[in-house]
Amino acid sequence: AQSVTQPDIHITVSEGASLELRCNYSYGATPYLFWYVQSPGQGLQLLLKYFSGDTLVQGIKGFEAEFKRSQSSFNLRKPSVHWSDAAEYFCAVGPPNFGNEKLTFGTGTRLTIIP
Amino acid sequence: DTGVSQDPRHKITKRGQNVTFRCDPISEHNRLYWYRQTLGQGPEFLTYFQNEAQLEKSRLLSDRFSAERPKGSFSTLEIQRTEQGDSAMYLCASSSDRGGSGNTIYFGEGSWLTVV
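Chains as they are written, first to last, in the numbering used here: chain A, 1465 to 1579; chain B, 8 to 123.
Here chain B stands alone, though its shape is the one from the complex:
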């Protein structure tokens, strides 16, 4: 169990540029989540995948945001035309549904985005 890994850990980009974050979940986990955390706040739910299907999206996920999980394994979160308000830590997490509801979510260490 290597844990949830995220790449890159830190990204500084100019306003208007596109950025992409990658998340590799724990290998046997079929559920994958993206959260966003701004300074001084708790994480906020963005979206959730079960295998390759994106089952829920928060209204926080504007049209500039897109998340994919093409083969039900790793996931990418892309932000187009970044704005300064996108500066945050983007957390990925994964879990397994094989034990029924309430399985533990394991979080990665996050990807910090700074838009200048």
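The following block holds chain A by itself, in its conformation from the complex:
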């Protein structure tokens, strides 16, 4: 069965510092990969997705993620965080060639930004 591991439950970074959120997955084949962000009490917003091709994908709000097949990882990065980036971040996988109809999410990483 597929699974997603986000090893960091909570990360605190200073405003302007760089950020990397980790995501590892377990899947029989290379799945479709996603990062979502959720502000408190809100729904989820898609930051970026990887299906195939270039392993470095760009998303909204200045985020990027790199797919590393050998490590089964899809880490999210941002060179300089803003206070508005404080939120919960979820990595998710979906069946390849089936799209994102049935996503499996990680448990999330809560990001706190300090001035």
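Hints should not be assumed to be uniformly reliable.
[Unchecked claim] Here are the simulated SDA-like cross-link-like pairs (lysine to any residue), alpha carbons at most 25 Å apart as the crow flies:
no., chain 1, residue 1, chain 2, residue 2
1, A, K1566, B, E63
2, A, K1566, B, L46
3, A, K1566, B, Q57
4, B, K18, A, A1551
5, A, K1566, B, K64
6, A, K1566, B, R16
7, A, K1525, B, I33
8, A, K1566, B, L68
9, A, K1566, B, R66
10, A, K1566, B, Q48
11, A, K1566, B, G79
12, A, K1566, B, E75
13, A, K1525, B, T9
14, A, K1566, B, G92
15, A, K1525, B, S12
16, A, K1566, B, D93
17, A, K1566, B, D31
18, A, K1566, B, D70
19, A, K1525, B, S103
20, A, K1566, B, E85
[Said to hold, decoys possible] Which chain A residues face chain B? A few, computed with CB under 7 Å, are given here:
no., residue
21, Q1506
22, L1508
23, L1510
24, G1570
Derived from the structure by calculation, the hints contain no laboratory data.
Backbone N, C-alpha and C fix where the C-beta goes; we use that ideal spot for every residue, glycine too.
Chain A is already provided as a structure; the job is to place chain B on it using the hints.
Then chain B, alone, in the frame of chain A:
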């Protein structure tokens, strides 16, 4: 594009009561999904509709849960004889298949259920 809307946003109910949540997807989207999210966890897939057909149901969707999408537009999720373990946020999402697989899923803001 008004986004995915869910109603009610918050519901407090007594154990044993029935509750119903409504989801209105983005108007041109033919796919609709329900997920459940408990505190400190990521969303978990419950069920999925393509137009009015319910194509997949998770084993999380017990017999007390029923979802419908009668005209391929809005959907309802009903929970009968609620239990405290049903307390969660119920997320609805929608997408279109017209661009092939992997179209973006848009989530609503969720319906919080508290069973007391």
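Between B:K18 and A:A1551, does the CA-CA distance stay at or below 25 Å?
holds (24 Å)
If you draw a straight line from the CA of A:K1566 to the CA of B:Q57, is it 25 Å or shorter?
holds (12 Å)
Could you grab the alpha-carbon distance between A:K1566 and B:R66 and see if it respects the 25 Å cut-off?
This hinted pair holds, its Cα atoms lying about 13 Å apart.
Can you verify the interface hint for A:G1570: is its Cβ closer than 7 Å to any Cβ in chain B?
holds (5 Å)
Run the distance test for A:K1525 versus B:S12: straight-line Cα separation, threshold 25 Å.
holds (24 Å)
Could you grab the alpha-carbon distance between A:K1566 and B:L68 and see if it respects the 25 Å cut-off?
holds (14 Å)
Residue hint A:L1510, partner chain B, criterion CB-CB below 7 Å
holds (6 Å)
Does A:K1566 pair with B:D31 here, judged by a C-alpha cut-off of 25 Å?
Measuring from Cα to Cα gives roughly 19 Å; hence the hint holds.
For the restraint on A:Q1506, tell me whether the closest CB of chain B is nearer than 7 Å.
The hint holds - A:Q1506 has a Cβ within 7 Å of chain B, the shortest such distance being about 5 Å.
Starting from A:K1566, check that the Cα of B:E85 is at most 25 Å away, please.
holds (20 Å)
Need the status of pair A:K1566, B:D70: alpha-carbon distance at most 25 Å?
Holds: A:K1566 and B:D70 sit about 20 Å apart, inside 25 Å.
Measure nothing beyond the straight line between the CA atoms of A:K1566 and B:K64; if it is 25 Å or shorter, mark the hint as holding.
holds (10 Å)
Of the hints listed earlier, there is not a single one the structure fails to meet.
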